[in-house]
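Novice: First to last, the protein sequences are chains A and B.
Numbered per the numbering used here, the first sequence finishes at 466, counting up by one with no gaps.
Numbered per the numbering used here, the second sequence finishes at 466, counting up by one with no gaps.
These are computed hints drawn from the structure, not numbers from a lab.
Be aware that a few hints might be false.
Any copy will do: because identical chains look the same in the list, a pair fits if it lies in one copy or spans two.
[What the hints assert, rightly or not] Heads up, simulated EDC-like pairs for lysine to aspartate or glutamate below, C-alpha to C-alpha not over 16 Å straight-line:
{"hint": "1", "residue 1": "K209", "residue 2": "D220"}
{"hint": "2", "residue 1": "K21", "residue 2": "E331"}
{"hint": "3", "residue 1": "K415", "residue 2": "E114"}
{"hint": "4", "residue 1": "K461", "residue 2": "D442"}
{"hint": "5", "residue 1": "K92", "residue 2": "E131"}
{"hint": "6", "residue 1": "K117", "residue 2": "D408"}
{"hint": "7", "residue 1": "K242", "residue 2": "D228"}
{"hint": "8", "residue 1": "K152", "residue 2": "D406"}
{"hint": "9", "residue 1": "K281", "residue 2": "D382"}
{"hint": "10", "residue 1": "K224", "residue 2": "E240"}
{"hint": "11", "residue 1": "K117", "residue 2": "D406"}
{"hint": "12", "residue 1": "K92", "residue 2": "E69"}
{"hint": "13", "residue 1": "K420", "residue 2": "E114"}
{"hint": "14", "residue 1": "K135", "residue 2": "D355"}
{"hint": "15", "residue 1": "K21", "residue 2": "E69"}
{"hint": "16", "residue 1": "K152", "residue 2": "D408"}
{"hint": "17", "residue 1": "K81", "residue 2": "D100"}
Number of protein chains: 2
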Amino acid sequence: MPLKIQPRVPRGMRDILPQQMLLRQYVIGEVEKVFQRFGFEPLQTPVLELRETLMGKYGPDAEKLIYDAQHREGKEELSLRYDVTVPLTRVVAMYPELVKPFKRYQIAPVFRAERPQKGRYREFYQCDADIVGSKSMLADAEIVTMIYTVFKQLGFKSFVTKINNRKILTAIGERTGVPPESLGALYRSIDKMDKIGQEGVVDELTKALTDERLGNKRLSLAEAKKTAEQTVSFTRLYDGGWPELLRSHPLAQQGFDELDQMRKFLDDTGVPVSYIEIDLSMVRGLAYYTGPIFETVVTEPKIGSLSGGGRYDELMGLFSNQSLPMTGTSFGIERIIDVMDELTMYPASIGKTVTQALVTVFNRDLIGASVRVANALRAAGINTELALDADGLGKQLKYAAAKSIPYAIIIGPDEAAAQKATLRDLSSGEQTVVAESEIAEAIKLKAQS
Amino acid sequence: MPLKIQPRVPRGMRDILPQQMLLRQYVIGEVEKVFQRFGFEPLQTPVLELRETLMGKYGPDAEKLIYDAQHREGKEELSLRYDVTVPLTRVVAMYPELVKPFKRYQIAPVFRAERPQKGRYREFYQCDADIVGSKSMLADAEIVTMIYTVFKQLGFKSFVTKINNRKILTAIGERTGVPPESLGALYRSIDKMDKIGQEGVVDELTKALTDERLGNKRLSLAEAKKTAEQTVSFTRLYDGGWPELLRSHPLAQQGFDELDQMRKFLDDTGVPVSYIEIDLSMVRGLAYYTGPIFETVVTEPKIGSLSGGGRYDELMGLFSNQSLPMTGTSFGIERIIDVMDELTMYPASIGKTVTQALVTVFNRDLIGASVRVANALRAAGINTELALDADGLGKQLKYAAAKSIPYAIIIGPDEAAAQKATLRDLSSGEQTVVAESEIAEAIKLKAQS
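So that you can see chain A by itself, here it is in the shape it has in the complex:
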């Protein structure tokens, strides 16, 4: 006999109880509908991946957060997936027969051992849609259009998708004199501009560029400060035209061309100009992006980033000789659900329970009558609960109220003899006696009105 233990979940993880699950299923269902509307198809990959599949893809900070797994006789090194993007890349490399472009979505839990905090969990759902096999900026524009459609569909009014291009960021680094091995530090500093301001970025980047770990490539304090200041001014320069000093850098030129093409396509797809913003200080954290990157921020109420993504044309090259270009986005579905819950952005039809009616049991002798009515309602498409114990009508009605079930059905001796039932509307208290065969129809009529 094992010892009694405290019922607990692991740190940073949680249960989602039924009422919350109904909201969750609604949001995920709406997003999934838009994914399918744009021709994305569902894919499922295992929660566990070989460790070697994940390593060397996300950058060193991210890799520290990966969970490992094993079983008693296991000889493989296994990890829990960190995202669904690297698994997608593995899938595409593994099944060359997949018709391209391959457009897939995946909505599934991922695992990251980050410090838990309010609204941030170590197991959370990712909700991604990606296009594999097209270099065209129309693919990126389609992704941004889909993001716009998702947020509109969910009822968000004020949001903006910031767009940038990693090629431009890399060019800024090269132009200002950031050593290639410090590009990661450059990205990380710029990424904080919203939080720490331009001066904060200059300070932080100066520190990074004089860091001893750079060895020979270490810049002097004066050089580093100048590099950092130039970097910041480049990322703030854009105001309709492209800065000439960058324009002449071939990689930046390519990046600007890609941005121009995306803007043109976004005009075609009909995303209003006010929803798009070119922001050269927007970076995205992950290591693997190579081209356009995008991030959607809800501005009213001020909520922050709810979706991000970009193009990652080199990732598949780590699995396969024949590499394919990829682009896509990930919705912060946990945060979206939280926000929609807080702001009650749900249609009234998303109730607190799936159950439409409780069939009560009057006494032990009348159980059979109640069972028959419950099954008839179910056959007629009404989600129905049957009271399981003949433990008093009052208690059963209290249960229905506690669960917010809208209707109760009562079958006493008189009703049973006449093949009738009392239908009680639990919000109004209104009662009507109807023939057994007409209860389902009566509930459907009431639900419509």
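With chain A held as given, fit chain B onto it using these hints.
Specialist: Below, chain B without anything else, positioned relative to chain A:
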């Protein structure tokens, strides 16, 4: 730069590609509909549980198969869930405020390091519905009625739910002289009766009862053989009445009473008698069952067990002082999906793709026209793909055919000038020219006919 690696999945795990996922989503959706029809609500628990939550619940053979997990700085001992029943029990103990009876379903992946074989995976979905907080046999009868409804809904014609009661099995053990610590061995042997026959069970059980590991309680060969033979004859005795020798055992009596009540309630719920079979040799593997157990076997074609479950009134006592009775069932959803795929038990509307139309791109100059049409179709509710590269109409139509997309839309210079488009039915080859604004309606009409 990390080394290039072979794209592979862990042993016994797999990807589910889009076509297969569509079938999967259909089956799971149908089961979920029935769960909700019976008033079960969705619950989500973490993939990872504390190791202590899982240990001591399933029996020693099962526990060997559990995967453990950890991260770099983790101080907790974590495991991947083995089923969703123990997590449910933990949830009920953790949230005493949940209204009872608590009826929940959960459809989610679980992990067992079993020897991989055809159709058996180390990560697979469980699909469970359970009732917490009712001792009534009506709860068990509701579960069996729901099982019946699920299989009917999925289109199975010939199946039978075998019913037994663990109390009777325990009584058989006591009556025949099996030492209490050998009840597990007793269950495991009887469980194989279908495969190894009555004599096989006698041999195996005799061996178990003379096993040295029993120490003092070890039976002599003669005693063990007699015990085994009596056990087998008890499990084969039932033919309408209950064997008198067992009837007089209080625990067996309780078990028979429970079976009688269930049969009465099943008459009320309207499950045809031919779908129910009392089988005293049906055992179920897991350690935690305490009362009625059930297992559903598809008989035509001969497929075997696709669902199993039972009552486990003691499990929660391992987490909480205030224990609650529980009963429920688990559908072998992976096997059900495989079988339905093999037998093509799907409605024709479950296609090979979610996409209803491909909007082709005639040439670079006409991309804008195609983009506009694609977005109009999406707004009208048609799942639409847009060709991403102007790389020749032939290639685009081949893509649509390879993906089994039913319709292609072609917008050449003439069509674009006249705000029209050519709608091609890709199965018949039939083409019609329609106004841009009428394409969606035309596709909807064709899809209905």
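Novice: Each hint: holds or not?
Specialist: Hint check:
1. Taking CA atoms no more than 16 Å apart as the test, K209 paired with D220 passes inside one copy only; the shortest distance there is 12 Å, against 72 Å between copies.
2. For the homomeric pair K21 and E331, the shortest alpha-carbon distance between copies (12 Å) is at most 16 Å, but the shortest distance inside one copy (52 Å) is not.
3. In this assembly of identical chains, K415 and E114 lie within 16 Å of each other by CA distance solely across copies; the values are 15 Å between and 58 Å within a copy.
4. For the homomeric pair K461 and D442, the shortest alpha-carbon distance inside one copy (12 Å) is at most 16 Å, but the shortest distance between copies (39 Å) is not.
5. When the C-alpha separation of K92 and E131 is checked against a cutoff of 16 Å, the pair qualifies only between copies, where the shortest distance is 14 Å, while the shortest distance within a copy is 27 Å.
6. When the C-alpha separation of K117 and D408 is checked against a cutoff of 16 Å, the pair qualifies only between copies, where the shortest distance is 13 Å, while the shortest distance within a copy is 62 Å.
7. For the identical chains of this complex, K242 and D228 are intra-copy neighbours only, at 12 Å inside a copy versus 79 Å across copies, given an alpha-carbon limit of 16 Å.
8. Taking identical chains as interchangeable, the C-alpha atoms of K152 and D406 lie at most 16 Å apart only when they sit on different chains, with a minimum of 9 Å there against 64 Å within one chain.
9. Only between protomers do K281 and D382 lie at most 16 Å apart by alpha-carbon distance; the minimum there is 12 Å, versus 74 Å within a single protomer.
10. Taking the shortest Cα distances, K224 and E240 sit within 16 Å of each other inside one copy (11 Å), while across copies they are farther apart (83 Å).
11. Taking the shortest alpha-carbon separations for K117 and D406, only the inter-copy value of 12 Å comes in at or below 16 Å, while the best intra-copy value is 58 Å.
12. For the homomeric pair K92 and E69, the shortest alpha-carbon distance inside one copy (13 Å) is at most 16 Å, but the shortest distance between copies (24 Å) is not.
13. Proximity of K420 and E114 under a CA criterion of 16 Å is satisfied inter-copy only: 12 Å between copies versus 50 Å inside one chain copy.
14. Taking identical chains as interchangeable, the C-alpha atoms of K135 and D355 lie at most 16 Å apart only when both belong to the same chain, with a minimum of 11 Å there against 41 Å between chains.
15. For the homomeric pair K21 and E69, the shortest alpha-carbon distance between copies (10 Å) is at most 16 Å, but the shortest distance inside one copy (39 Å) is not.
16. In the homo-oligomer, the alpha carbons of K152 and D408 lie at most 16 Å apart only across protomers (12 Å), although the nearest pairing inside one protomer, at 67 Å, exceeds that limit.
17. Taking the shortest Cα distances, K81 and D100 sit within 16 Å of each other inside one copy (14 Å), while across copies they are farther apart (29 Å).
This entry satisfies every hint, going by the numbered hints stated previously.
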